[in-house]
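A.B. asks: Chains A and B, in that order, give the protein sequences. In terms of the numbering used here, the first sequence opens at residue 1446 and continues consecutively. In terms of the numbering used here, the second sequence opens at residue 32 and continues consecutively.
The set of hints was computed from the structure by calculation and includes no laboratory data. It cannot be assumed that every hint is accurate.
Using 30 Å as the maximum straight-line C-alpha spacing, the simulated DSBU-like pairs for lysine-lysine come out as follows [to be verified]:
#1 A:Lys1514 with B:Lys168
#2 B:Lys252 with A:Lys1514
#3 B:Lys252 with B:Lys267
#4 B:Lys90 with B:Lys252
#5 A:Lys1514 with B:Lys289
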Amino acid sequence: MAGPEAQPGEESAPRAAPAAPAWSEWVGLVVRLGLAVVWGWAGLAKISDPAEAAQAVRAYEILPEGLVKPVGYGLPFLELALALLLVIGLGVRLVAGVSALLLLTFIAGIGSAWARGISIDCGCFGGGGHVDASQTEYLQEILRDTGFLLLAGWLLWRPRTRLSADGWLAR
Amino acid sequence: MSEKNREEKRAARERMLEQRAADEATSKRRKKLIVGGAVLAVIAAAVITGVVVQNQRSKPETPTAAPAGTIGDKNLVIPVGAGNAPSVLTVYEDPRCPACGMFEREFSATIDQLEDAGKIYTNYHLVSFIDRAVPGKGSKTGANALACAQDAGHFRDFHDVLYRNQPDETSDAFGDKSVLLNLAKQVNGLDTPEFQACVKDNKFGGWVSAVQQDFDKSSYKSTPTVLLNGQPIYPKNGDEEITPANLVKWVDAANQGKQLGTAGSHGQTPAPTSTASEANNPSPAAG
């Protein structure tokens, strides 16, 4: 989780780079809240039934049994924490970095399931587990996560957004 | 003299500005560290809280209460038929699974007859995972009602009634407890205050979850999964398609030369002599 914290660009930003246009901070706000909705929705959908969340993880057949429950139980709360931080706009670049890492992990997991020919629902927004081979939607799931990854990418590139705790702290 | 003075002043001012810039940079860096630390702390706290809370909320894999007469090391299995029958038929099915409904409509009469003849000992695993994929809770409430029926000694009859009246997969009729209680009236002696309370209070909810978690950890991925003496026979046994006639044939072949079990035993009411009436609400083909 280290990478995004170092911000080489920002140190020199006030002098070197021309300031981002004002509208980009508004775009940033929309992107930030959009990504917050994604994480909030994803997190809430996985909370109600812990056994279901664990099975969604188990179905990928990647993690050893001992890690299935901690990941299944902890992941929705990680997603909710990211949603909360994005809503208040605290540490946006770091949160966007963690979001991007998480999304890349998901995409890799779905791709791996696809490549191994197992039939699962990604469990991205609740559900999950084995499905009939005719009901897999790996491509759609990967494209969707790639779309979310673009949101995180925008915030990595332009972490300054309107109405954020970061902006308030920088004053 | 004045020249030197000016120079000194300028140097001092420059030093001050440098100092100020350095201070600002330091304070900015510190702010960033604090924000970064706070973000990581929030994330870590959330994850740890999540693991602890969900661990407490999750139902144990070994149930605290199981219906009377269940078997297996955690009492997760409902047996029907004579325990000393030479063959074991293992059935994993979900009350809401359309393919299970089709299986039951085609095979329940045959299975009941094989049980009554002492030829098979059927082991039911009440899976409840359709609720995860399709909105509703009929898998869990249906499985609980079946557990209540087992507790009352009427599992087989209620099981057959339930599957004959299975709603469409997308309809959550079994999520409505009054529907389950109404269906129970079709089973002689089941419609008691104890049974009603058991259904309404979701008495065996923890047991239902334990059975599902056991299925989650098994290598079986869909329902119905049907095994004859441990070997999968649904939808095919080797190259042969499962049909009622083939099922009888396979059971007889497996039982050849073996003593049959006690006929019509296990305290369950005997099978209806006529084949069960066809479904009121046949479901469309399932995956």
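A.B. asks: Please flag the earlier hints that this structure goes against, numbers listed from lowest up.
C.D. replies: Hint 5 contradicted; others consistent.
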